[in-house]
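*Asks:* Dock chain B against the given chain A, drawing on the hints supplied.
Here is how the chains run, residue by residue.
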Amino acid sequence: MDAELAYLKRYPDVAAAIKAGKVTSALEHFLNYGRFEGRVWLGPEGSEAARGSPPAEPPAPEAAAPPHSCDAVLLTRNFLFVDGWADDRFDSLAAIEIATDGAQAALRLPPCRYRRQDVEQHLSLSSPFESGFWQLFEIPPELGTRPVGLRLRLASGQTVTLKAGNLVRLSPREHFEAFLAFYGRRQLIGSLVARSFAELDRGLAGTIEHMHDAIRATRGTASQGSYGRRPSQPLLSFVCCIYGIPDFLFLQIAQFARYSSLEHCEFIYVNNSPELEEVLHRDAELAAYLFRTSVNVISLNQNTGFSYANNVGIAEARGQTIVVINPDVFPYRPESIATLSALAQKIRHNLIGGKLFYADGTVMHEGMVFVPDARLSALARTRVWTVEHLRKGFPDLGNGGTRPVPAVSGALMVFDRADYDKLGGFDEHFIYGHYEDADLCLRFTARGWKVLCDAALTFWHYEGRGSIKRPEHAGAAHYNRWLFSRNWSASLTRQPAEG
Amino acid sequence: MRILEISLFHPELIRGGAQQAAYELFLGMQRSELDATLLASADLSGPNALFKPGAIITGFDGRRNEFLFLSDSFDHAWLRNLNIRSLKCFEDFLLDRRPDVIHFHHFLTFGLELFLLARRALPKAKLFLTLHEFLAICRADGHMLRTFDKTLCTTASPVRCHQCFPDISPEMFRLREDWVKHALAAFDGFIAPTAFVRDRYAAWGLPPHRIHVISNAQSDYSRLESWRLRPPSPADQIRRHNRFAFFGQLVDVKGLGVVFEALDIFAKRYEQELTFEINGSNLKFASEKFRTRFEEFVSGKHGLPERIKITWHGSYAMTDLPARMARIDWVLVPSIWWEIFGLVLSEAFMFRRPPIASRIGGLAERVRHETDGLLFDAGDAGELADIFYRCITEDGLWERLSSASPGVPSVESVVEQHLKVFAGRPAHEPPRAALRKPSPLPLGKNGTPRRGREVLRAG
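If you read the protein sequences in the order shown, they are chains A and B.
At position 353 of the first sequence the residue is numbered 353 (this note's numbering), and the sequence of numbers has no breaks.
At position 174 of the second sequence the residue is numbered 174 (this note's numbering), and the sequence of numbers has no breaks.
Chain A with its partners taken away, still in its complex shape (with noise of 0.2 Å):
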């Protein structure tokens, strides 16, 4: 029996999990989430392969080797990731450090810590503590394939070798993934933001970009379709990002034709969900024939992230007023479509959101503002962003007109094309989703352009329901965070918060 059969066998839920389709395998499901759940990973009875935590007998690599375990090595060709733990509280652990061949290390990092509360229970400790390991390494081309060895350095001195004989290799996309996935669910002592911009500050930002670049090298387009007749100049070209769920192609089509004749207008949906290309070209040729519009499939290759998506988007677009858009929103009355229609008279240098509202009726958006947090910048020793909707969740006031703001969301967000030609679009650092509607709109205002919010750009937006949510979008959003705080903390301290 392997490693992955007792971890099935030990937890039959798992078992039941992956024959559900939740998760594909039980080394998977520890990852993400059985290690985060206090359940443990042992390898085969007896083995000294067995990886885990905690073993049932400590291994003894080295004569007096603090308990410890490798509990996953992930690798591509050029990054590495360790996960483990140790008994580091009597000769702390000082860096984690890869070997090719002999005793020379050939790079060394200082270990990040976690805590791993199955461990405690299995040392019987009666306070918290981090004995969780885990550090992501770029490996330079030099070192090539070649098998590494990795060890552990104490503050004494002392080496100690991790068995690594259950190292997994997986593709740069899947690596990337469990990385951010890790990452967002990892549980700390103290706060998860505050010690995520240390570490990024420290340089995993840097390793983390390097890895999200060689994703992007990958991106392509998978298939494209037009279905409809497409007008030469759309007065309208509607930019769709779909990832996770197709229903919302055909329902949000439907929703517009429900008020509006859409011949004059076109319909661009670019898919981040491999997996659902077919299901959206079968809805857009559906929703274009029944609908009278034109509705253009873009297929990416891959979950690209809002930024690309929505860039690639553009490209494509006929139209010279971009009306951005989520999946889950919908006009909220019929005079919305013929305001949105009106705004392309007066776009050329603004940028232009709407009062959103969720589906009981309150306000979901109708501005952002950036909020300096009091108590995460304390924590963080810098100056950390909130990105805040304004009236979120009250009743309408019924206010009307049209105002500036420091920011709308990307939910919804209509400009004139060549105002965002100059800008460069969407900017694709960003990881997947967050925060590169507010970038825009920062670098909008840079530019001495308005960002505006019209009242009567009147909108649903069912939040959160248009795509699916993934364990690596949570470690995504702590870089994104890090990565807006970052380019925009400095002229965001300048000026006073507004709302």
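All the given hints hold, so there is nothing to weed out.
Here are some chain B residues the structure puts well away from chain A; computed CB gaps all over 12 Å:
#1 Leu27
#2 Arg97
#3 Ala140
#4 Leu145
#5 Val251
#6 Arg324
#7 Ala326
#8 Pro426
When the alpha-carbon atoms are kept at most 20 Å apart in a straight line, the in silico SDA-like pairs for lysine to any residue are as follows:
#9 A:Lys469 <-> B:Pro166
#10 B:Lys88 <-> A:Arg292
#11 A:Lys469 <-> B:Asp167
#12 B:Lys88 <-> A:Tyr289
#13 B:Lys181 <-> A:Glu335
#14 B:Lys181 <-> A:Ser260
#15 B:Lys88 <-> A:Arg229
#16 B:Lys181 <-> A:Asp360
None of these hints come from the bench; they were simulated from the model.
Being a predicted model, the structure only gives us computed values, none of them experimental.
Virtual Cβ for every residue (Gly too), placed ideally from N, Cα, C.
*Replies:* Chain B in isolation, oriented as in the chain A frame:
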């Protein structure tokens, strides 16, 4: 006036109340020499041999003006038709036939898109939809029963529907309602078989003035010779009216479980003999719990005393009704869901078999308590057991209720009401006196009607 009737299924392929009513109406229109066409759907739950490669609309045994719509891609989640060829063929069919009136009886198997397509393809045509159930309002098979405790639901809302389907967010129910109402906006008017249905849909948001109440079309099978020529039974004069029957689908919501419970209570409270005959099928669609209970009672394993006899006669065709009705006195309609119309009531009325029905939905509207039938609170087995006793022991009750039976409106009158609505006039429900009375029954010595079964026995 050229009329296109569009029916969910063809009753000769798949039985069901909605398709039966649609087909009766279509046949009535043909008899009235109207230019009527029927387009009935068939899906993969029926005989697959009907499907032809590449064809969406085909004929039906060469019958004049009867066509089948072969549906293979209906999406139950969003009530959509996912096959673009189906949409295009349907539009071509409309342009080919060019009806002045398009009368839908459902959207199941067709897809809501067809409503929008019909409006677009023939902008001048009048579009009508008969509201045969509540699927437009309720995702739980249109039953409007809470999924978690099977209690009756009176109002759909995003949060309430989410409570019934916890995996689906309230927002998705809001979207569902929007999409359904978008498609229903294509209609010039709606037809509800009962005021109960009209009121429920009006409360949901359909314009009340555009919902017309017209009874379902239903042929009077008591006019069949097998009933009319059945000689009276001398035994009828000396026996008690202790024969009860159920007609319909053998599924949970039809309430047979309430009858079983009532029989248990009756056995403990009373000493009279009683027979209970079950006519129906589709047990496979019932819950496992119901199936187990049903089999216990029908097989005798449940342990009811011998004076209470239960017999299951299986499914029946409409032409079997005279024989089945001849051997019973009362028709039980114990539904525990919002019965829309209660086709069984029509069957009971046409044979003068007083119904004993749940006080719910269209049943409560159609049965006049103590006049032509009896009502009891839905699910109240104790009350039903007491009604059994009363029916068996109260002199003159059966005769009084039976003689007041309203019968069923003639199909021709139902057609006439539809034509009025199609022409933009109110249907004007006919006064009850205008309804055709059931065919005269042979009378006994004391002037009460005789039933045929006993005559056959005597003969």
